[in-house]
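Order-wise, the sequence lines are chains A and B.
Just so we're aligned: 86 in UniProt numbering is position 86 of the first sequence, and the numbers increase by one with no gaps anywhere.
Just so we're aligned: 239 in UniProt numbering is position 239 of the second sequence, and the numbers increase by one with no gaps anywhere.
One should not assume that every hint holds.
It does not matter which identical chain is used: a pair holds within one copy or between any two.
Unchecked claim - Here are the computed lysine to any residue pairs in the SDA-like style, where the Cα-Cα straight-line distance is at most 25 Å:
1. Lys-311 to Gly-150
2. Lys-236 to Arg-95
3. Lys-239 to Pro-40
4. Lys-316 to Asp-94
5. Lys-236 to Asp-14
6. Lys-236 to Pro-9
7. Lys-236 to Arg-123
8. Lys-36 to Leu-243
9. Lys-239 to Thr-8
10. Lys-236 to Arg-347
11. Lys-290 to Ala-204
12. Lys-239 to Asp-94
13. Lys-239 to Pro-37
14. Lys-221 to Arg-198
15. Lys-36 to Val-349
16. Lys-36 to Glu-344
17. Lys-239 to Gly-35
18. Lys-36 to Phe-157
19. Lys-195 to Asp-237
20. Lys-316 to Arg-77
21. Lys-287 to Arg-332
22. Lys-61 to Gln-161
23. Lys-287 to Arg-198
24. Lys-236 to Ser-10
25. Lys-239 to Tyr-13
26. Lys-12 to Phe-157
27. Lys-236 to Asp-94
Simulated from the structure, these hints should not be mistaken for lab results.
Protein chains: 2
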Amino acid sequence: MPVIPVNTPSAKYDVTIASGLLRTLHPRLAKLNPGKPFRPFIVTSPNIWALWSKHFLASFKEPPTVLFHPAGERHKRMSSVEALAQQLATAGADRDSLLLAFGGGVIGDITGFLAAIYMRGIRYVQIPTTLLAQVDSSIGGKTGVNLTAGKNLIGSFYHPQAVLADTDLLRTLPPAELRAGLQESIKAGIIYDAKLFRFMEQNAAAILNTKKNADTKALTKVVAASVRVKADVVSKDEKESGLRMILNFGHTIGHAIEAATNYQQLLHGEAVAWGSIAALNVAIARKTIKPKEAERITKLILRYGPLPTFKATAEKLVALTSRDKKNRSGIRAFILPTAIGKVEIVRNVTEPELLAATNHMLTLMRQKR
Amino acid sequence: MPVIPVNTPSAKYDVTIASGLLRTLHPRLAKLNPGKPFRPFIVTSPNIWALWSKHFLASFKEPPTVLFHPAGERHKRMSSVEALAQQLATAGADRDSLLLAFGGGVIGDITGFLAAIYMRGIRYVQIPTTLLAQVDSSIGGKTGVNLTAGKNLIGSFYHPQAVLADTDLLRTLPPAELRAGLQESIKAGIIYDAKLFRFMEQNAAAILNTKKNADTKALTKVVAASVRVKADVVSKDEKESGLRMILNFGHTIGHAIEAATNYQQLLHGEAVAWGSIAALNVAIARKTIKPKEAERITKLILRYGPLPTFKATAEKLVALTSRDKKNRSGIRAFILPTAIGKVEIVRNVTEPELLAATNHMLTLMRQKR
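All chains should be modelled from the sequences, with the hints used to inform the complete structure.
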């Protein structure tokens, strides 16, 4: 059972990846809080709860209070956090309460943020149900919500007590969500782990097999390797003052695509996949990466598709990047791949360069349509 | 010029108390951020800005962006924070932005919280304009907003880079606000500083003199002593796990009074003053304080009145205390004075005791009407 430590200046906790974790939840929570009383509150989406509540509650003597929050990026708003906080208060939640984020990235981000600000901070545990949440968003303490002006503009760095990733949950995931999550694993490979990249090249069929009784060994290996990349990077640079920025590879244009399509047309991983191709195009134009390696990257991203198409001009997408949090007083930090498993952070990417790279990505998309 | 350090595990900063600070603001901000670029954004209320913008802007070469937020407890809500964040984003605020909280307690609390969560945390400076904000709410890093379910249920511990308290600002304060702020100074005396208490007994006339050209020496002395109490307590116990709780003296019933009157009838300091009398009544009934000392406390609180009356039954007020943040899994922590300058934290105050004490307070209020 892979147990991967996250170790930052402000928090120390483990990510546990295994089948069957859900059924042993309560003793695990008790072990995380020895001698400290806790009253659990579950934040989840109606869909997830319908599928998995029986497993979730199996180890609880008294059923905890369940708060429902709809899935979907458009519900990641301040008003939702306020509504959940109001429900917590009405149910008598105090500083001894423990929130359990049981869902995908949106549930995790919003529950983490709720835990960060309810009574100025209470404990929480991440129990991610999607691949994307298991390999990426549940780890590292970034929590928050969107503004009309942009994604994740409001939030906190606030770490969970633990991340419990039950790989059984991936069995009920829609295939498109599985593939979108795997795009973040590809990203982990591109920026940090050439071995993971190669494994995903060589085992695509096994990893993508979503038949009911398919062997999930290859998939679990990908999850663990991806978590290791994220945990390692976050442990070295918690607050994103340097290294952690590399995790944003593909996210500049990726976020712009999500904004341009109102967060409703593409899954996050799909938008990041297109964004990665755009970022790669900048590297290709600058000749900072060998053409053969660039080709392998594009090929792997498309292999884990199909990626949905969308309608937006390069001009609009580039305009939408200007409010990206990676800007510091107008200087745009950009993550460029230099080889498979290696990237550099550059600050001199110009608007014409970004426009050209985005246009190339859109051309590729139109060819695939 | 009194400069009082706050020194907690998570932050180190100074509270500076002096006349004329406003006019030298920009060089002071530059000194706080050597070599770090900052783009200032002011959050203030229209009233304060109309009175003091000229002084405020005197040291700025380029006028900073000003965001307005109405004064008053009922505007301390998530929706206001979201609206301010949206304005920041639209104005292009990024991680190099510096928020300046220029106003009373509500402006300070909301701006601090906005700074805590905008892009997961940016810098801010407190420039409190009311006595209450100067002696209490601007210090210690408690930021937040209210829910319908209760006051300050949402928030963060997030410290400013500095607190700059210009005593000139107190000259334009409505007399009732000055008196309400002085109630927090009386509280500081009761819980921690018998010397301050005595000074306020002996110099009431000079402290309360609000004539235009009145000597503010006595008032400045009270401000500095009150800040020292707050800074000392907060430095010893940042997160309110023990000692810091004593600052909540009078706040259990005080918060209930504010809630019962919809946060519109009484100033915070006035509600706390009545709450202090109620808390004192518990101590009198338990005989944990000498009758003569209890009498001196009541007398001083009323000397800095008149305190406005309000309509609420003891039953209603006690019922409203049950959601107080000081509850830990149902155990009510209560601050009881044992002598002037000394309190103890007790956890066994019963509901009948609290009811009787609150009824005594209400009887006193009716006698004064």
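Now the hints, each set against the structure:
1. In this homomeric assembly, Lys-311 and Gly-150 come within 25 Å of each other (Cα to Cα) only inside a single copy, at 19 Å, whereas the closest approach across copies is 46 Å.
2. In this assembly of identical chains, the alpha carbons of Lys-236 and Arg-95 lie at most 25 Å apart only when taken from different copies (20 Å versus 30 Å within one copy).
3. With identical chains, the CA atoms of Lys-239 and Pro-40 are at most 25 Å apart between copies only, with a shortest distance of 22 Å across copies and 28 Å within one.
4. Taking the shortest Cα distances, Lys-316 and Asp-94 sit within 25 Å of each other only across copies (21 Å), while inside one copy they are farther apart (46 Å).
5. With identical chains, the CA atoms of Lys-236 and Asp-14 are at most 25 Å apart within one copy only, with a shortest distance of 15 Å there and 31 Å across copies.
6. Taking CA atoms no more than 25 Å apart as the test, Lys-236 paired with Pro-9 passes in both settings, with 9 Å inside one copy and 21 Å between copies.
7. Taking CA atoms no more than 25 Å apart as the test, Lys-236 paired with Arg-123 passes in both settings, with 23 Å inside one copy and 23 Å between copies.
8. Taking the shortest Cα distances, Lys-36 and Leu-243 sit within 25 Å of each other only across copies (20 Å), while inside one copy they are farther apart (35 Å).
9. Taking CA atoms no more than 25 Å apart as the test, Lys-239 paired with Thr-8 passes in both settings, with 9 Å inside one copy and 20 Å between copies.
10. In this homomeric assembly, Lys-236 and Arg-347 come within 25 Å of each other (Cα to Cα) only inside a single copy, at 21 Å, whereas the closest approach across copies is 43 Å.
11. For a Cα distance limit of 25 Å, the shortest separation of Lys-290 from Ala-204 inside one copy, 23 Å, qualifies, whereas the shortest one across copies, 80 Å, does not.
12. Only between protomers do Lys-239 and Asp-94 lie at most 25 Å apart by alpha-carbon distance; the minimum there is 15 Å, versus 28 Å within a single protomer.
13. In this assembly of identical chains, the alpha carbons of Lys-239 and Pro-37 lie at most 25 Å apart only when taken from different copies (19 Å versus 30 Å within one copy).
14. When the C-alpha separation of Lys-221 and Arg-198 is checked against a cutoff of 25 Å, the pair qualifies only within one copy, where the shortest distance is 13 Å, while the shortest distance between copies is 71 Å.
15. Proximity of Lys-36 and Val-349 under a CA criterion of 25 Å is satisfied inter-copy only: 23 Å between copies versus 51 Å inside one chain copy.
16. Taking identical chains as interchangeable, the C-alpha atoms of Lys-36 and Glu-344 lie at most 25 Å apart only when they sit on different chains, with a minimum of 24 Å there against 44 Å within one chain.
17. In this homomeric assembly, Lys-239 and Gly-35 come within 25 Å of each other (Cα to Cα) only across copies, at 20 Å, whereas the closest approach inside a single copy is 31 Å.
18. For the identical chains of this complex, Lys-36 and Phe-157 are neighbours both inside a copy (23 Å) and across copies (22 Å), given an alpha-carbon limit of 25 Å.
19. Taking CA atoms no more than 25 Å apart as the test, Lys-195 paired with Asp-237 passes inside one copy only; the shortest distance there is 22 Å, against 48 Å between copies.
20. In this homomeric assembly, Lys-316 and Arg-77 come within 25 Å of each other (Cα to Cα) only inside a single copy, at 24 Å, whereas the closest approach across copies is 34 Å.
21. When the C-alpha separation of Lys-287 and Arg-332 is checked against a cutoff of 25 Å, the pair qualifies only within one copy, where the shortest distance is 20 Å, while the shortest distance between copies is 66 Å.
22. In this assembly of identical chains, Lys-61 and Gln-161 lie within 25 Å of each other by CA distance solely inside one copy; the values are 22 Å within and 47 Å between copies.
23. For the homomeric pair Lys-287 and Arg-198, the shortest alpha-carbon distance inside one copy (22 Å) is at most 25 Å, but the shortest distance between copies (77 Å) is not.
24. In this homomeric assembly, Lys-236 and Ser-10 come within 25 Å of each other (Cα to Cα) both inside a single copy, at 12 Å, and across copies, at 20 Å.
25. Proximity of Lys-239 to Tyr-13 under the C-alpha cut-off of 25 Å is found in both arrangements, the shortest distances being 16 Å within a copy and 21 Å between copies.
26. For the identical chains of this complex, Lys-12 and Phe-157 are neighbours both inside a copy (13 Å) and across copies (20 Å), given an alpha-carbon limit of 25 Å.
27. For the homomeric pair Lys-236 and Asp-94, the shortest alpha-carbon distance between copies (24 Å) is at most 25 Å, but the shortest distance inside one copy (33 Å) is not.
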